[in-house]
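Trainee: Single-letter residue listing:
There are 2 protein chains.
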Amino acid sequence: MTRFVEKISLFDRLSSPMAEAEDIARDGLLVHHHPRAPATTDAQAVTLGQLFKHVGDAHSGEGDDGDAAPPPHHALELDEFSAGAGGGDHLGSRPPTFVLAFTNLSYSVKRPRKMSLFRRNRLATDPVAALAPPEAFSRTKTLLNSISGEAREGEIFAVLGASGSGKSTLIDALANRIVRDSLEGSITLNGEKLDGRLLKVISAYVMQDDLLYPMLTVEETLMFSAEFRLPRSLSVSKKKSRVQALIDQLGLRAAAKTIIGDEIHRGVSGGERRRVSIGIDIIHDPIILFLDEPTSGLDSTSAFMVVKVLQRIAHSGSIVIMSVHQPSYRILCLLDRLLFLSRGQTVYSGPPEGLHRFFSDFGHPIPDNENPTEFALDLIRELEGTPAGARSLVEFNKSRQDDQPALVPATRSSLSLNDAIGASISRGKLVSGTTEGTTSASSVQKYANPFWIEMGVLTKRSFTNTKRMPELFAIRLAAVLVTGFILATIFWRLDNSPKGVEERLGFFAIAMSTMFYTCADALPIFLQERNIFMRETAYNAYRRSSYVLSHAIVGFPPLILLSVAFALTTYFAVGLAGGMQGFVFFVLIILASFWAGSGFVTFLSGVVTHVMLGYTVVVAILAYFLLFSGFFINRDRIHDYWIWFHYLSLVKYPYEAVMQNEFDDRHKCFVRGVQMFDNTPLGVLPDAIKLRVLKSMSNSLGVNITSRTCITTGTDILKQQSITQLSKWDCLWVTVAWGFLFRFLFYISLLLGSRNKRR
Amino acid sequence: MTRFVEKISLFDRLSSPMAEAEDIARDGLLVHHHPRAPATTDAQAVTLGQLFKHVGDAHSGEGDDGDAAPPPHHALELDEFSAGAGGGDHLGSRPPTFVLAFTNLSYSVKRPRKMSLFRRNRLATDPVAALAPPEAFSRTKTLLNSISGEAREGEIFAVLGASGSGKSTLIDALANRIVRDSLEGSITLNGEKLDGRLLKVISAYVMQDDLLYPMLTVEETLMFSAEFRLPRSLSVSKKKSRVQALIDQLGLRAAAKTIIGDEIHRGVSGGERRRVSIGIDIIHDPIILFLDEPTSGLDSTSAFMVVKVLQRIAHSGSIVIMSVHQPSYRILCLLDRLLFLSRGQTVYSGPPEGLHRFFSDFGHPIPDNENPTEFALDLIRELEGTPAGARSLVEFNKSRQDDQPALVPATRSSLSLNDAIGASISRGKLVSGTTEGTTSASSVQKYANPFWIEMGVLTKRSFTNTKRMPELFAIRLAAVLVTGFILATIFWRLDNSPKGVEERLGFFAIAMSTMFYTCADALPIFLQERNIFMRETAYNAYRRSSYVLSHAIVGFPPLILLSVAFALTTYFAVGLAGGMQGFVFFVLIILASFWAGSGFVTFLSGVVTHVMLGYTVVVAILAYFLLFSGFFINRDRIHDYWIWFHYLSLVKYPYEAVMQNEFDDRHKCFVRGVQMFDNTPLGVLPDAIKLRVLKSMSNSLGVNITSRTCITTGTDILKQQSITQLSKWDCLWVTVAWGFLFRFLFYISLLLGSRNKRR
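Protein chains in written order, with my numbering: chain Z, 1 to 759; chain C, 1 to 759.
Isolated chain Z (complex conformation) (with noise of 0.2 Å):
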């Protein structure tokens, strides 16, 4: 609770209080009104605070009405369900509860400079540049310009308009998705400035993209989504009777056990996803509901179906708000109240019954049979390409506003805002406040649960959807030992000469990059799921932090099978020392290894959003820690300039802890006796004449030099490669730091990556 209040005063310093929204009432909300400057906030969030206080209050006798049966407020949606279309009636004579209106919104954008630059491709003959408004060519572009509206409770509100109209951009900036700096206006929620922090929590967001699990089944995908977004205190059976209650509400009830699927799984139609993922989004049952063209890519029927089920939440006394591009006949029948846009500008503004006469008055009659809206839209296009642009339509709908201020008094909400939230959530809106007889509050924290709940329910939906894609490990696992299998044949049982040396060399450089580019092919599917992961933060379904930590903990299983299959097709084939301490120490490297590489695949994933793009970058980093491992140069020998890349190279703590792990011992021999001229050109005489050789460096040396003699220890051979700084073990603890160090700088990207909203 408290914590909730210091929020509101912390964030609010905009909010407006009651008195000016009694204003905006009075003035009307469809005329020109121009905001008032802030005033002092603390009335509000005390009263805000205390308001919740009283619901729960209010409450606590009702709340425990047993789990298994739905609220009183699903019952409703059911009845509906089977009602069918409705029309606007079903709030009966009793005025909207929730009034959102915006006036005068305007928004311009600073063309980059990057723009004229392509401008120029458009070649200076053409005549369609010629033609076009100066205003194309200045700096900023205005994508909206003094748009004002008002969406009702139980209604469908939907913004119209040409691809690049603006439609995309006034749901944005009405669902606070541009910095309120950069917007000017006022939006208010009955009355009331509205603040971004509380319509976070009363609002949710769909996006066009359907972002979703493949292999979760429709049901699946709705509880986990109940699991993050309602709260702990809610009992999982309550969790369940909502999603099964949402599933009918949606019309999703027969496939509820299909998977969502993707383009090798077959799973759902195109149209239940989508509304899957308005599903997702309106777990909690919120009071205004945004969507940007929740239709498109749909067909026709496909495309029904999701507005009805928008006319049936928008009914069930939520404000639905959605831009559309051409909609059918049906389904204009479903909406309420349009706004038409012609490049940031209001051409209609109205019921959808009022089309007809709209353009009759303006000398454009539609003709029958022929849908209102496509018309329109032919229309505005058609005016679009005229010198003059809309204006002529613009002004003719500017004239009727304000002609009839007559349509405007039926919207005024009879309650305040605090009265209409907590009407609402008596009634069973955002659903974690009503059936628990504890504090409201807890409806309106920023996360639903705690910090190991969420890592709980993230672990468990990564691995259920994980392990019903095996064949991506086995593509992982077939990668790993086929390079396991080709280095294992090329540097069979190797010998301990100096040829056999150099070939060590050379074997543990390539082994260890091969971890490396083996987690480089799970780019896309990292970036698959940032994009998921992008979705829910938006709307804090969950902490950052523990969806990073669940996403390396459910990677780390098939990494451990991953580095003892590599361990076993390669170390013994080869013929490495150090026995079965030596081979386990060999699997840890390359699970260290794996978890470096993931982790940094992971980092690069939050950095670069272009599959392509990340992988060529990941592949050319990789060759440069490989080059600056110290196999190519050694350490000694690299250039001060360099010689930070040198330690930066993710490769080189695992070659030198192979290198170790194999040549670490005094006692172990690789060059002896006359083996010492095999790289000279002595190397080509018989050994007779080189055993004389030996014997007289030994006379001259003083030191007894026969055949068997060791010239060169695997501890020279460290030496010489300038391996000398780091023990094996030290190699291993700063492999799994990076690992660490990549995870958390993956962290730090999605912070600061995840800020989407326009400025």
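Mixed in with the good hints there might be a few duds.
Just so you know, same-sequence chains aren't split out, so a pair can sit in one copy or run between any two.
[What the hints assert, rightly or not] With a straight-line cut-off of 30 Å between C-alpha atoms, the simulated DSS-like cross-links for lysine-lysine are: (1) K695 with K499; (2) K110 with K398; (3) K719 with K695; (4) K110 with K257; (5) K499 with K668; (6) K200 with K141; (7) K719 with K668; (8) K257 with K141; (9) K499 with K728; (10) K308 with K499; (11) K398 with K695; (12) K719 with K499; (13) K398 with K141.
If you are wondering where the hints come from, they were derived from the structure by calculation, not from laboratory data.
Here the structure is a predicted model, which is why all the values come from computation and not from measurement.
Based on the hints, put chain C in the right spot on chain Z.
Mentor: Using the frame of chain Z, we list chain C on its own:
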């Protein structure tokens, strides 16, 4: 002329003689008709040949009516452009010249086993799966089930249905894109069985994707298409006027000088792009035009414009056959004949005006104001959801068609196919034939141009497109320079010590791999080009061989610059041997590596069509090439069972070439006197002792070794590395040969891969 006749008789084994055509006409085209066994073909081949000669003769007088003036046919189109929508009555009372009729088309595919594997993911409790008809689980799936219909000149014939209903399959079947043996039923043009080769000449198929060179203007794109598809005999000015007429016909006048554009470069709109795609395929003014969902992805106005253009094309004397998904009401008004499919079966066939009557007779009248196609598709979809499927509607349609054979008679063409084609050519169709006085047979040759002209045009186009995207070359150059810089600084001024030799080996191995990895980054560009190529060769726009050659020619000059850039950055900085001659060879071998590398990647782009997969495969194979190049393990140490891969390794040859360029000098010394102990335990002893050892060795060997005596020359190093088989020039030629081989393999892969027919 003779060439064409030969081909007809070669390929036309299945074509039907005149006699049969008469029978078909008498039988009526929509009722069940069993095609007869193929008869002799000689008659037709001769007849067709004579026909074209006859047409050519008839035109020899009027053919030379000046270069600048467009043929009368185009003037007609321009008139119609301003006249607007004229409906279907443009032909006046004259019967259509062409009628394409298809009877009882059936087509089934065997479901691959894979599908049943995926099925398992649809969990066992899935009620949808339980509801689905048992047919869905059987091994063969019927995509087309006895479909009949006919499309007439001057009309748009539209195939409608939900996705998966068989729309695209039907278009493919009619366009001869399904192997004839797999397809049951008959397809006739003016009552004669349609030969695939003739169809290819008189028709065009427009695919869903817009595969265009992004940096060419609309006009250039169409002009290149004209140069490919119109015969050499047509003068350039006539080709130009054809392009200008087409630009007007497509309504692209305003966008003519604008580039096509891509994600980065701003270009024409989506609708304009689609019309350019159509334009490319109808440059030769085909008699039959097939389009697979030409309006998909376009907004309503653009879609309408596209269909308007199609109507204009139909009115110019063509048959237009398209599939369409949810036409808007305005588009519906442009369609002349509809065929609704549901799961491969006909549910309605007839004019759009018949829909109201049909569905009210069926007991589901279309409500006022509702788009009839939308209603129909929704109803079909609803029926498909029931256990019986849309069977009732299929049966109802069948009984109606049987009751009303009266629908058919008007559609008989008065002309035989040969006469009709002749008449059409004389009216200006199949552009190539009309404007030249030579024999019209040239219009039906397999390729419009000889090899060297294709080469020239392809090279010019590719060069124009490339030079407008200098950033692509800049990125490759930057990659080469950055790698060159890193290598130059890390291997700065290598000395002639044993360590220095080792580092040289490393430098060469990495440097020679860099060329290949840089080429891998160009894979996406190759893949993009490959798609354009596939589209263009599908209708014999040019020979595959000239594409492969021109691709290599255009790609070569940038490689020279890259080679010089890399050589300049590294050669002098590292301090390589050989002076100016050595440098020139260094540049040449780098250039050869780029040539071989780009050939390899080009080849892979022809085999692996998925970007990510392709990139992963390239990177993996290049890694194996490096592993087997002889650097990591010398040739004499590679086991017999892997030696073949060593010779396959692309990296081996450039690596050995630069090694020889550096070390092949008997007088160059790399290990001198006491340096021979550098990599042995003696290395740490003071020089005085080393000298003493040296002296005693001299004595025992009978050779005087002083501190200045050369122990290891360059030639010795080459011997140690087993680089003894090929001279450096041999290596260069082998590398160049690899480049040619891969381009030849690319050609083969294109030959095998571009069989774009269904089986």
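Trainee: Checking K719 and K499: alpha-carbon separation at most 30 Å within a copy, between copies, both or neither?
Mentor: both (17 Å within a copy, 13 Å between copies)
Trainee: Please sort K695 with K499 into within, between, both or neither, judging by C-alpha distance up to 30 Å.
Mentor: Answer is both; intra-copy 24 Å and inter-copy 27 Å each pass.
Trainee: Give the relationship of K499 and K668 under a CA distance limit of 30 Å: within one copy only, between copies only, both, or neither.
Mentor: both (16 Å within a copy, 24 Å between copies)
Trainee: Please work out whether the CA atoms of K110 and K257 approach to 30 Å or closer within one copy, between two copies, in both situations, or in neither?
Mentor: between (48 Å within a copy, 27 Å between copies)
Trainee: State whether the alpha carbon distance between K719 and K668 is at most 30 Å within one copy, between copies, both, or neither.
Mentor: both (14 Å within a copy, 28 Å between copies)
Trainee: Given a CA cutoff of 30 Å, do K719 and K695 count as a within-copy pair, a between-copy pair, both, or neither?
Mentor: both (26 Å within a copy, 27 Å between copies)
Trainee: Up to 30 Å between alpha-carbons, please classify K499 paired with K728: within, between, both or neither.
Mentor: Both: 24 Å inside a copy, 25 Å across copies.
Trainee: With identical chains treated as interchangeable, where does the CA-CA distance between K398 and K695 reach 30 Å or less: within a copy, between copies, both, or neither?
Mentor: neither (108 Å within a copy, 106 Å between copies)
Trainee: At 30 Å max between alpha carbons, let me know whether K110 reaches K398 within a copy, between copies, both or neither.
Mentor: within (27 Å within a copy, 62 Å between copies)
Trainee: Indicate which option fits the pair K308, K499 if close means a Cα-Cα distance not exceeding 30 Å: within, between, both or neither.
Mentor: Close neither inside one copy (75 Å) nor across copies (76 Å); limit 30 Å.
Trainee: Reference check for the pair K398 and K141, CA-CA at most 30 Å: within, between, both, or neither?
Mentor: Only inside one copy: K398 and K141 sit 22 Å apart there, 58 Å across copies, limit 30 Å.
Trainee: 30 Å Cα cut-off: does K257 pair with K141 within a copy, between copies, both or neither?
Mentor: between (48 Å within a copy, 25 Å between copies)
Hints 10 and 11 from the list above are not met by this structure, while the remaining hints are.
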